[in-house]
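*Asks:* Produce the entire structure from the sequences given, and follow the hints as far as they go.
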Amino acid sequence: MSAEEADRRSMEEEEETENAEKNLNLKERKVSWAKLRRVDSLNLEAGRVSMVAHHLTKMGWRTTLSLAFQSIGIVYGDIGTSPLYVYASTFPNQIKNNDDILGVLSLIIYTIVLIPMLKYVFIVLWANDNGNGGAFALYSLICRHMKVSLIPNQQPEDRDLSTYKLESPSSQLKRGQKIKQKLEDSYFARILLLLLAIMGTSMVIGDGILTPSISVLSAVSGISSSLGENAVVGITIAILVVLFSVQRFGTDKVGFSFAPIILVWFSFISGIGLYNLFKYDVGVLRAFNPKYIYDYFKRNGKQGWISLGGVFLCITGSEAMFADLGHFNVRAIQISFSCLTCPAILAAYIGQAAFLRKFPGKVANTFYDSIPDPLYWPTFVVAVAASIIASQAMISGAFSIISQALNLGCFPRVKVVHTSIKHQGQVYIPEVNYMFMIACIVVCAAFKTTEKISHAYGIAVVGDMMITTTLVSLIMLVIWKKSLWRVALFYLVFGFTEIIYFSSQLTKFTGGGYLPIVSALFLTTVMGTWHYVHKERYMFELKNKVSNEYLREVMNGSDVRRIPGIGLMYSELVQGIPPIFPHLIASVPSIHSVVVLISIKAIPVSRVAIEERFLFRQVNPREYKIFRCVVRHGYSDVLEDTAEFESQLIQNLKAFIQQEGFMLEVEGTTTEQIAMSNESEMADIPIPQGSAKEGMSKTPTSSSTRIIPNQPVSRASSDSIRSLGASATKSSTFSPPSIHGAEDEMKFIDNALEKGVVYMLAEAEVVAHPNSSILNKIVVNYAYSFLRKNFRQGQNLMAIPRNRLLKVGMTYEI
1 MSAEEADRRS MEEEEETENA EKNLNLKERK VSWAKLRRVD SLNLEAGRVS
51 MVAHHLTKMG WRTTLSLAFQ SIGIVYGDIG TSPLYVYAST FPNQIKNNDD
101 ILGVLSLIIY TIVLIPMLKY VFIVLWANDN GNGGAFALYS LICRHMKVSL
151 IPNQQPEDRD LSTYKLESPS SQLKRGQKIK QKLEDSYFAR ILLLLLAIMG
201 TSMVIGDGIL TPSISVLSAV SGISSSLGEN AVVGITIAIL VVLFSVQRFG
251 TDKVGFSFAP IILVWFSFIS GIGLYNLFKY DVGVLRAFNP KYIYDYFKRN
301 GKQGWISLGG VFLCITGSEA MFADLGHFNV RAIQISFSCL TCPAILAAYI
351 GQAAFLRKFP GKVANTFYDS IPDPLYWPTF VVAVAASIIA SQAMISGAFS
401 IISQALNLGC FPRVKVVHTS IKHQGQVYIP EVNYMFMIAC IVVCAAFKTT
451 EKISHAYGIA VVGDMMITTT LVSLIMLVIW KKSLWRVALF YLVFGFTEII
501 YFSSQLTKFT GGGYLPIVSA LFLTTVMGTW HYVHKERYMF ELKNKVSNEY
551 LREVMNGSDV RRIPGIGLMY SELVQGIPPI FPHLIASVPS IHSVVVLISI
601 KAIPVSRVAI EERFLFRQVN PREYKIFRCV VRHGYSDVLE DTAEFESQLI
651 QNLKAFIQQE GFMLEVEGTT TEQIAMSNES EMADIPIPQG SAKEGMSKTP
701 TSSSTRIIPN QPVSRASSDS IRSLGASATK SSTFSPPSIH GAEDEMKFID
751 NALEKGVVYM LAEAEVVAHP NSSILNKIVV NYAYSFLRKN FRQGQNLMAI
801 PRNRLLKVGM TYEI
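Numbering-wise (UniProt numbering), the sequence shown opens with residue 1 and increments by one.
It is possible that some hints are incorrect.
Unchecked claim - Below, in silico cross-link-like pairs of lysine to any residue (SDA-like), each with a Cα-Cα straight-line distance of 25 Å or less: (1) K654 with S587; (2) K147 with K448; (3) K543 with G528; (4) K543 with Q618; (5) K448 with N230; (6) K180 with W485; (7) K178 with F188.
Said to hold, decoys possible - Taking CB as the label site, the calculated pair distances span: (8) G283 with S483: 36 to 44 Å; (9) T510 with C339: 54 to 62 Å; (10) L118 with L484: 14 to 22 Å; (11) F297 with T510: 22 to 30 Å; (12) G228 with T510: 22 to 30 Å.
To be clear, the hints were calculated from the coordinates, so they are not data collected in a lab.
A quick note: this is a predicted structure, and the numbers were derived from the prediction, not measured.
Ideal Cβ positions, reconstructed from N, Cα and C, are used throughout, including at glycine.
*Replies:* Below you can see the structure in the form of structure tokens.
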């Protein structure tokens, strides 16, 4: 055989191999599509998007160092201003023994090393949810790996999100699987986890109220000797009013200027601390020996234990490192705290201790008395600026976690304004802002001194830390799959330390410690009530969703007419026809030529990529032009304005139709076969016991839902009803349009879009079922009703234009 023939035969064999591989891949592709078709899910749309993860940890060192510099101004304002009041709060009755200064300094040193450094910087920061921290971020991370959410809306395709990062526990680690199974099966455990997240959030909100009060008041107290207590309180209140008034501009407007101010502040306190150390008593460095802690407690007994409440204030603001993590990354926080913040504040406390060894009688105003005279006024100005920045950081952090709670259905509806294009986590909530301002003014006017405010301040911070320790321990056990002894070591060491501090704080309950506990209980009650009714509303719609048979009967009825345009019908359901649909048909026997059933679904992730946000299915029969759309968003996502939302929705709808057409061509299936494969679209997730079987009741029963045709909704909705009815009288009975192929179907969508888009919402009146308990009636009929009437309505949050809003009155009995 010649060389040419050998080459030719070799090329033919390669071509045959390539063709065989192509045919095999095509067959596998068809099989995979067929499997997706049979799955009752939205897997087709979820499977075709690109899975590109965007993680803040994957940054260059230049970017990381830049973020580390910026974090100085955003994260450490609170812990950095603690030297203003720690010694005064620890020794409210003067110093009785000079060696007590060494004992307290030793406590301060090892508390800073143990809690902020070891616990938060090197452990807790890694328990973030795709770069986001806080109690709700921990809760959402747990919900992703375990089915513990009280609202059963998990779907398989959500696990394909690029930010989901779900890794199933190894089958070899039976311990983690057993704990996971027990938590999923225990309703009590699921409620407890949610309450822990809510209580942790409530504690941080309380911190957002107390931080501005104590920080600004302690900074302004530097001039108390010349002006008096009342003048200091008045100046503090004036600064707080200005501070809360400028919140609407957002931290991004002055963001980069924060870091230099705090950097100057750290330079001042560390420099002054070193000056005092070498001038007065270098011997205080002996406090690095923990023996002085033992001696301190042995000498003071119960009073030493009570004084821990003041010592604990040296780490207030540690939780801000985790709560504000979304603005930066783990490495940036670790670098800035380890290299700058920690050395600076330790130098400040050591220098003050050296000063107190020489002048123990000046403990009431240690910070300002220890400043050299030439630096007094510059330090005072920087201290006030630093205290304002510390307040700004905690207020912004409180706004951020309230926004997370709102997106997860755990907070009454409020307006969330995103103040930064660069940083999605920077938000402003007007209603909450002015509530904070009033609360801060009341706290300052009532307590007047930092010592009294500190009684309340510590409980809020240590309460949040204890909840964080519990949730992170669960994550280490079930998700990280760490060994039992490591988890036990983490929980016992940090949990025991925090419980000791918490017990010390409780001794100040009557002196002001009741404030954060009462406020946390109040906020927990509000958030728990809202989430409970939110969950029950979802379950009600799930039980009373409409079957396909009923849809066919309605759409084929001679009295139902189709009018030009696109109707967007909102519902909590992620699958199935919501009960609002038959109510609309009963009120106005007309429906738009294109109907999209929209469910805005919160996913337990921080953000959902734009290309992964919309999931579509077509409700059969196809000629009815009714689509199901799930709009997925994370708790840090911004809901777009109406125009942008409509544009993205239509674009993704066309892409879905095009994909359907492509599948028809490749698979060679007919429209009828596709419709048959969509029969399972109405099925939903497993329904708990007591629910209607499969949720497939034909129509909601009259005892549980009813039309309220005369309910006053809004002028826009009544106008829409009149225009919809008028259009219906001019329309003929619906007959399926003759559409062949994806191009014709997309033209049909464009024609409907030209006629306008109408938003349809259920104006739901939620009442307790007549046979329910007295507690349920109080919660639903009074508490929830009050919250709903005094907070924003759903259409305001989604920025739906009133002239295109159609409301349908409904009553939900839960």
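*Asks:* So which of those numbered hints doesn't the model satisfy?
*Replies:* 1, 2 and 9
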